[in-house]
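A.B. asks: Listed below are the residues making up each chain.
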Amino acid sequence: MSKRITIDPITRIEGHLRIDVEVENYAVSNAWASCTMWRGIETILRDRDPRDAWMFTQRFCGVCTTVHAMASVRAVEDALRLPVPANAQYIRNLVLIAHALHDHIVHFYQLSALDWVDILQIPKADPAAASKLAEGLSPWTRNSRNELKAAQDKVKAVVASGQLGIFQNGYWGHPAMRLSPEVNLLAFTHYVQALEYQRKALQVVGMLGGKTPHIQNLVVGGVANAIDLDSQSALGMDKLETIKTLLDEVVQFINEVYLIDVCAVAAMYPEWFKIGSGVTNYLAVPDLPLDSNAAAYDLPGGVIMRGDIGGVQGFKTASDEVFRESVTEDVAHSYYEGEKPLHPWKGETEPQFTEWDGEKKYSWVKSPRYKGQPMQVGPLSQVLVGYAQGHPLTRKYADLALGQVSAIAKVKATPALMHSTLGRHAARAIRAAMLGELAQKHWQLLVDNIAKGDLTVHNEPVFPWGEIEGVGTHEAPRGTLSHWIVIKGGKIKNYQAVVPSTWNASPRDESGAHGPYEASLLHTPLARPEEPLEVLRTVHSFDPCMACACHTFDPSGRQIARVKVL
Amino acid sequence: MKKPKITIGGIGSVLLGDDGVGPFVAGMLEAGCRFDEGVIVADLGTPGLDLVAHLSGIDALILIDSVANGDPPGTVTLYRKEDILRNGPSPVRMDPHSPALSESLLIAELAGEGPEEILLIGITGERYDVGAGLTAAARQAAATAVAEVLAELDRLNISYTKLQTESFSAWWKPLAEALPVSSEA
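Chains A and B are the protein sequences, given in the same order.
Number 360 in my numbering belongs to position 360 of the first sequence; there are no gaps in the numbering.
Number 78 in my numbering belongs to position 78 of the second sequence; there are no gaps in the numbering.
Since the hints were made in silico from the structure, they are not lab data.
It should be emphasised that the depicted structure is a prediction, and the values quoted were computed from it without experimental measurement.
Glycine residues also receive a C-beta, built at the ideal position from the N, C-alpha and C atoms.
Worth double-checking, as some hints may not be accurate.
Computed far set for chain A versus chain B, every beta-carbon distance over 12 Å [unchecked claim]:
#, residue
1, G165
2, V192
3, L526
Simulated crosslink set (EDC-like; lysine to aspartate or glutamate; CA at most 16 Å straight-line) [as the list claims (entries may be wrong)]:
#, chain 1, residue 1, chain 2, residue 2
4, A, K361, A, E339
5, B, K2, B, E30
6, A, K493, A, E348
7, A, K154, B, E113
8, A, K200, B, E113
9, A, K396, A, E348
10, B, K5, B, D36
11, B, K173, A, D47
12, B, K3, B, E82
13, B, K162, B, E30
14, A, K156, B, D36
15, A, K346, A, E467
16, A, K154, B, D59
17, B, K173, A, E437
18, A, K361, A, D399
19, B, K173, A, D126
20, A, K211, B, E109
21, A, K493, A, D52
22, A, K441, A, E256
23, A, K441, A, E241
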């Protein structure tokens with residue numbers, strides 16, 4: 001007999017993702033991903049000035065602010081065929097990288113590490129042994145016995161207080177938790193240190209973007225940063241040196257801590273390289289343009305279908321003709337009116353709410369499809385698409401990570417293992433290491449270009465009377481983001497954002513094909529169905545973000561999320 | 001004595017009606033007052049756990065946010081740290097980026113970085129419609145919230161200067177309000 005488990009943050013106040021799974025013989029036999037909040041924010045943009053759109057789209061989500069700003073200006077620039085000065089490309093690239101590094105560090109340590117790390121094992125750890133273990137893994141200087149002991153004391157104090165605070169809702173002692181006390185302690189120590197380094201990355205966003213979380217330095221056609229090497233108020237050598245120092249510190253943390261921790265944790269849960277695969281169609285677009293016409297990029301894009309790495313199809317540009325023509329959104333199982341899948345330029349967003357019905361409509365998320373197929377997006381797609389095309393930087397860090405896992409687990413880790421829950425975590429760390437190296441490169445490109453005497457940061461947009469269409473893409477931390485705009489007479493006629501979490505969290509489409517979250521959960525073993533830790537591990541590995549929605553503090557003390565077993 | 005560091009943050013989405021009241025109050029404060037160097041006024045949007053980054057190294061935190069507490073729309077309620085932490089973190093986080101005020105405070109405290117003084121000025125919202133701007137109730141409450149922020153600064157012995165002429169116009173207001181009123185209206 002099967003039983004149904006619903007994991008549902010039940011109010012609009014906290015969380016908008018609901019997962020339903022059917023469990024048979026301690027394994028998931030069916031799954032549904034739903035978004036419980038209406039996303040129709042695009043309608044706000046109708047009739048507005050396209051030059052202002054990015055300020056509004058930056059508010060789609062409070063976490064992914066910069067990415068929506070960037071995709072929006074790129075969409076308008078694409079419609080106008082407007083080149084962006086090299087300085088502006090480099091400054092934008094640095095903002096995007098710094099934001100992504102922040103995001104990836106937060107995701108691993110603050111948002112998902114505690115799915116694997118058992119806090120209540122930490123008091124049993126021997127800090128000296130943990131320090132010795134760490135020495136063998138990494139040159140990081142903050143793994144000393146004293147540093148680890150201090151972190152352990154924090155946990156002991158929390159446990160002794162009887163109030164677990166931030167840890168009160170973990171699945172501690174769950175049979176699927178298997179790290180030694182020492183590894184748990186190391187990971188937790190880095191959880192605390194990670195707070196410092198994610199903040200340094202955000203400082204870079206703030207210094208280049210003017211403010212954080214909402215950057216102020218974008219304009220359609222470039223950036224608004226004034227460049228003057230001798231000035232302290234404009235973007236000058238003083239600020240650039242500070243930015244370099246911050247980036248170097250973050251990069252060191254990624255290489256010596258984050259990448260190593262992910263490999264070490266992965267090596268101790270090798271079975272999770274075989275769980276959580278799901279949709280093995282992968283999509284990523286090129287990003288980090290290297291010149292004003294965006295003819296070359298530092299990060300490759302393309303498509304892999306049905307896990308066929310050898311059959312990878314690369315994209316030439318970030319708004320590749322094939323990509324532009326291949327994206328549709330299906331609403332067969334979403335709470336919207338409409339029959340057939342529509343291209344985003346023709347997209348409609350007319351809500352038609354009915355009660356949750358797994359056979360019919362059950363989500364506010366539309367189902368984006370590529371040539372009619374569901375696609376997984378995110379770091380795993382980015383890494384696989386790059387690896388398949390022989391991209392040297394991707395190969396460098398992917399081979400490094402797989403080598404590290406092999407050494408610790410004493411098995412041969414191959415790229416085939418990447419189609420999995422742990423593959424998504426490993427890919428995110430690999431991508432972070434790649435971005436770290438590219439941050440340093442693009443900093444140098446900017447400094448060298450300015451030193452040549454080029455101070456241009458902006459090209460003026462001019463809007464024609466007729467109707468024009470554009471797509472702006474960004475390979476964001478959670479994957480392929482695309483903003484689709486139709487402009488008529490200098491005003492916005494239609495605007496659709498196809499965001500990474502809609503690719504991944506999409507419900508079934510008209511053919512009945514599962515979305516990536518849903519497919520990834522099928523066959524997942526559950527040790528204790530009433531404590532579905534394994535479901536959380538896989539869903540969290542995608543780094544879901546549904547925060548593009550309302551946010552009201554609820555002080556009333558009622559329970560705001562529930563796990564229900566029927 | 002070292003000058004205390006204070007962050008005054010408006011929380012909420014400006015695209016969703018009264019949820020934008022926090023950023024609106026932050027905008028009013030920026031336009032209407034001049035603050036000392038240690039005071040940061042920020043529209044923090046809907047930061048989820050990214051709020052932690054704004055909590056470290058400060059002595060006091062003043063947040064303005066819309067609340068769902070069952071009071072009549074426009075009611076202004078003050079909450080202190082213990083009120084915010086009373087519920088603890090949410091039982092299950094499916095979506096790890098969801099709003100997370102209590103989680104953020106708990107993480108900052110764990111790292112030994114949390115602010116000593118916390119005041120949350122809650123404004124009971126009425127409507128959260130996409131693109132609707134603020135209701136009259138929230139707009140009125142915003143002025144009360146500004147006064148509460150300044151009263152808290154007085155309590156903390158932080159000086160500021162009120163400007164006479166500056167007014168605040170929200171850039172995100174509905175297009176209909178931004179355009180001149182037509183003759184039929």
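A.B. asks: Please go over all the hints and tell whether each is borne out by the structure.
C.D. replies: Right, here's what the structure says about each hint:
1. G165: violated (5 Å)
2. V192: Since the minimum Cβ distance to chain B is about 5 Å, V192 (chain A) lies within 12 Å and the statement is violated.
3. L526: L526 (chain A) is indeed farther than 12 Å from all Cβ atoms of chain B, at 15 Å.
4. A:K361 - A:E339: With Cα atoms ~12 Å apart, K361 (chain A) and E339 (chain A) stay inside 16 Å; holds.
5. B:K2 - B:E30: violated (24 Å)
6. A:K493 - A:E348: Holds, because 12 Å separates the two Cα atoms, which is no more than 16 Å.
7. A:K154 - B:E113: Judged against 16 Å, a Cα distance of about 13 Å means the pair holds.
8. A:K200 - B:E113: Given that 16 Å is the threshold and the Cα spacing comes to 15 Å, the pair holds.
9. A:K396 - A:E348: violated (43 Å)
10. B:K5 - B:D36: holds (10 Å)
11. B:K173 - A:D47: holds (14 Å)
12. B:K3 - B:E82: violated (25 Å)
13. B:K162 - B:E30: holds (10 Å)
14. A:K156 - B:D36: Distance of about 40 Å is beyond 16 Å: violated.
15. A:K346 - A:E467: holds (13 Å)
16. A:K154 - B:D59: Not OK: K154 (chain A) and D59 (chain B) at ~21 Å, beyond 16 Å, violated.
17. B:K173 - A:E437: Status violated; Cα separation ~41 Å.
18. A:K361 - A:D399: The hint is violated at about 43 Å.
19. B:K173 - A:D126: Given pair K173 (chain B), D126 (chain A) is violated - Cα atoms ~58 Å apart, limit 16 Å.
20. A:K211 - B:E109: violated (25 Å)
21. A:K493 - A:D52: holds (14 Å)
22. A:K441 - A:E256: violated (19 Å)
23. A:K441 - A:E241: holds (14 Å)
Comparing the model with each numbered hint stated earlier shows that hints 1, 2, 5, 9, 12, 14, 16, 17, 18, 19, 20 and 22 do not hold.
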